[in-house]
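Asker: Residue numbers (numbering that gives the first Met the number 0), protein chains in the order written: chain E, 0 to 254; chain D, 0 to 285.
Simulated from the structure, these hints should not be mistaken for lab results.
There's no promise every hint is true.
Unchecked claim - Below, in silico cross-link-like pairs of lysine-lysine (DSS-like), each with a Cα-Cα straight-line distance of 25 Å or less:
hint, chain 1, residue 1, chain 2, residue 2
1, D, 64, E, 205
2, E, 205, D, 259
3, E, 205, D, 194
4, D, 216, D, 258
As the list claims (entries may be wrong) - Covered stretches of chain E, as calculated for chain D (at least 3 residues, CB under 8 Å):
hint, region
5, 0-10
6, 78-88
7, 158-165
8, 178-192
These numbers come from a predicted model, not from an experiment.
Built from N, CA and C at the ideal position, the CB exists for glycine as well.
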Amino acid sequence: MSFLQALLLALFGWMGSIYSPVLIGGLAGWYTIGRPLVSGMIIGIILGDVQTGIIMGAAIQMLYIGLVTPGGTMPADVNFAAWIGIPLAMVAGAGKEYALALAVPLSSLGVLAVYGLCAINLYFVHKQDADVEAGKLDAAARIPIVGQITNFVLRFFPILLINFFGQDLITALVNALPVQVTDILQIFANMLPLVGFMLLMRMICKRDVDLILFCVGFALMSVLQLGMVTIVIFALGIAYLDYRGTAAAAPERSE
Amino acid sequence: MANDITTEDQEMGGAKKLSKSAIRRAYWDWMFYNLSVQNFERMQGPAIIKMLADVREDLYPGDPKSQQEMLERHEVFFNTEPYLGCIVPGIVLGMEASKAEGNDQISSEFINSIKTALMGPFAGIGDSLLPGTLIPILLSIALGMSPNGEVTGPIFYIVVFLAIMLPLTWFLFSYGVKAGANAAELVLSGGIKDKVTRAAEVVGLIVVGAICAQYAKFNIGLVYTSGDLTINIADILNSIFPELSVLILSFVTYWLMVKKNWSAGKTMLLMLVISIVGYFTTILTV
């Protein structure tokens, strides 16, 4: 990849990171171009192979489909995983299991960036206090703009540098690996989506009995092989029945 | 008195001083900058200050002292789910507008206590509805549209997600501004919050079950041969229940991550070990 391509990847990667304000905050940023499926399409456009980009993005997306970041804690960071993992796997001409294998350590690096940022930004919080105290209210209002520099530095430069200087290393590595490694990575990648889903289950599964609902959804897909839209309609119906049921039982229930 | 007071405005209680353009400015401020200087101490606090600072001339025209006091009382911790929870900064703005009009019942403490009381519940509802339910549903539909890297999936996701979220967040934010503190009572009264959360969980559980069946694979490669007899273990399992091996692996992962509280990293490490061992013992296959 050329330096210009690495530069574009870094720019979009920064815009799609969780703390970037430029694309209506997280709306068009983190939750749109920051989703690996969409990131994959943009990376594909930049590197000139949209189809491969989306295939790899989809693979990483499955792993992180259930990613929730409650209260600013970051279980795993999809930003480096997508914006470094996908391009490097693409230039190495490797399969999507390599993108996944790269994604896992890169997401740990991303978590480090998040916690570093939250510590550094304390400076800007106190700068804002001082500005308000001194009556410089315009300066106080500019803090969320000026303070974005931390996030820019922590996203733009790692993506640019690792992509540009890491490509030869990754290509050499992929060529040197025996075929068994690819097979093992594929088996591993097949299991990985469960990790993302169980992160989500931690939030939404309050009682073990609720696993029955999980099994209902599982069976609708595996046995009846229904489409996702159909399953959502069934799910809404069951949620409505559940709502009616609890509403009827409401008087004697006081939690 | 301002000459544009209508019955509707009076019913709304707050927001008489705020023009629609000021509310719009505050909304975009919040949407863009909510997490821009995320930090350990105040989380989204600086974004609340920015939002109020940018409408300070609408609230206290030519009164820098009051403007400064308003910003000082928001030098505190604030954290919620920024998008569905945007009703909370909306309510803050509504209360500030009401206070700026001279409503003595609204004190600094009152504003901050309402703000603090609401941010937690909305963080919970927001997280379980948005990244917990809506986004995985849209993504799994989109993934289904792009099995071979077609652009239709990502385009579908971008268009549908933004078409839902932009009007919805604007509605929630402006509703918060208009209703001021009353919005809090309305939304949180009668256990509506619990019911909404429960409904989101039910939909979420079913959808997650379906997505697990769709995307996870766990192929048993064991074949038992004895003379002419070959028994393929995977076929037997699938005849009992399709994808039974994935369902069992799901329960094991659930037990480890939800019941035993294993971290994502630790679970992945175990899966890697299982892959290596399974591959060389031929119990597992690609």
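Asker: Please go over all the hints and tell whether each is borne out by the structure.
Answerer: Okay, the hints, checked on the actual structure:
1. Between residue 64(D) and residue 205(E) the CA atoms are separated by roughly 49 Å; this puts the pair beyond 25 Å, and the hint is violated.
2. Of the pairs offered as hints, the one joining residue 205(E) and residue 259(D) holds, with about 14 Å between alpha carbons and a cut-off of 25 Å not exceeded.
3. About 14 Å separates the Cα atoms of residue 205(E) and residue 194(D), which keeps this hinted pair within 25 Å; it holds.
4. For the given pair, residue 216(D) sits about 22 Å from residue 258(D) by alpha-carbon distance, which is consistent with the 25 Å threshold.
5. Here's how the region 0-10 of chain E fares: 0 of its residues keep a CB closer than 8 Å to some CB of chain D, so the rule of at least three is not met and the hint is violated.
6. Figure legend: the region 78-88 of chain E, annotated as covered by chain D; annotation inconsistent (0 residues with Cβ-Cβ distances under 8 Å, at least 3 required).
7. With 0 residues having a beta carbon nearer than 8 Å to a beta carbon of chain D, the region 158-165 of chain E misses the requirement of three or more and the stated coverage is violated.
8. Under the rule that three or more residues need a Cβ within less than 8 Å of chain D, the assignment of the region 178-192 of chain E holds, with 11 such residues.
Violation of the numbered hints given earlier is confined to hints 1, 5, 6 and 7; the remaining hints are satisfied by the structure.
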